[in-house]
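Line by line, the protein sequences are chains L and P. The working numbering puts the first residue of the first sequence at 1, with every later residue one more than the last. The working numbering puts the first residue of the second sequence at 1, with every later residue one more than the last.
Please keep in mind that the hints were generated in silico from the structure rather than gathered at the bench. Don't take each hint at face value.
[Claimed, not checked] Some chain P residues flagged as far from chain L (calculated, every beta-carbon gap over 10 Å):
#1 Asp48
#2 Asp54
#3 Leu59
#4 Ala64
#5 Leu91
#6 Pro93
#7 His98
#8 Ala112
#9 Val115
#10 Val136
[Unchecked claim] One side only, chain P facing chain L, incomplete, derived with CB under 7 Å:
#11 Gln32
#12 Ile33
#13 Ala34
#14 Thr37
#15 Glu108
#16 Ile111
#17 Thr119
#18 Ala133
For each residue, glycine too, the CB sits at the ideal point set by N, CA and C.
Take a look at the letters that make up each chain.
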Amino acid sequence: MSRSSEVRVRLPDGVALHARPAGALVRAASTFAADVFVSVNGRRANAKSILDILSLGAEGGVEIVIDASGDDAVEAAEHLALLVPALA
Amino acid sequence: MAGMVDGNGAVSLILVSHSAEIASGLAEMAAQIAGPTVPIVAAGGAVDGSLGTDGGRVLEAMRAAAAGAGAVVLVDLGSSVLSVRAALNELDPEELEHLSVADAPLVEGAIAAAVAASTGCSHAEAARAAEEARGVAKL
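Could you build all of it, start to finish, from the sequences and the hints given here?
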């Protein structure tokens, strides 16, 4: 049965979603079977695609929405909700 | 994309460019995004360091990668493609099984392939990630 989950988290101040933090997010999202998306300011990107995530241009301190759907969607959303505020 | 990194480590990237600076700068950028687990070989410039490609170095890099965890090869233009094609002709069928050449834009493709490789995927999957870069809008 497919599940879905959505969480809102904030990027740490001064940590934009580019370079190393973006790679860390994509790597983490890729460990789940669920489809995972990240939305910022009305733009939604595939969390498993580094180019998609980089194109968001998410600046440090902004709120992002993570939505996941699939069997391990809840676990994926929970894991990323913990990871994002800890990005450095 | 699932699948863990096996005992041989992540697949590597071989960046073939006419410019040594492009290849090494891109290697640095891809490593920063993908982390330290993905080996990246910068095969840029001619033998004497001028603009061009060094077919021998490309072949050597591909042969070394084929003997290890495998690699995805990314190219810029023209004779870079010819150098890689020539190398492919020199390699054994068993070696070719460990290599993929990505038909992708060099910068975006390398970033996408490096991050994919860092998740422990196969060289073919990393090449597919690079090729998806063709469809990603920049603006």
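Hints, one by one, checked against the model:
1. Asp48: Given that every Cβ of chain L is farther than 10 Å from that of Asp48/P, nearest at about 33 Å, it holds.
2. Asp54: Holds, since 29 Å exceeds 10 Å.
3. Leu59: Consistent with the label, Leu59/P stays out of reach of chain L, its closest Cβ about 29 Å off (over 10 Å).
4. Ala64: holds, 25 Å
5. Leu91: Holds, because the least Cβ-Cβ distance between Leu91/P and chain L comes to about 29 Å, which exceeds 10 Å.
6. Pro93: holds, 31 Å
7. His98: The claim stands: His98/P keeps its Cβ more than 10 Å from every Cβ of chain L (closest is about 22 Å).
8. Ala112: violated, 6 Å
9. Val115: Contrary to the label, Val115/P does not stay out of reach of chain L, its closest Cβ about 4 Å off (not over 10 Å).
10. Val136: The claim is violated: Val136/P sits with its nearest Cβ about 4 Å from chain L, within 10 Å.
11. Gln32: Gln32/P check passes; min Cβ-Cβ to chain L is 5 Å, inside 7 Å.
12. Ile33: holds, 4 Å
13. Ala34: This hint holds: Ala34/P lies near chain L, its Cβ roughly 5 Å from the closest one there, short of 7 Å.
14. Thr37: Where the cut-off is 7 Å and the nearest Cβ of chain L is about 10 Å from Thr37/P, the hint is violated.
15. Glu108: Because about 6 Å separates Glu108/P from the closest Cβ in chain L, which is inside the 7 Å limit, the hint holds.
16. Ile111: holds, 6 Å
17. Thr119: Holds, about 4 Å.
18. Ala133: With a closest approach of 6 Å, the Ala133/P hint holds.
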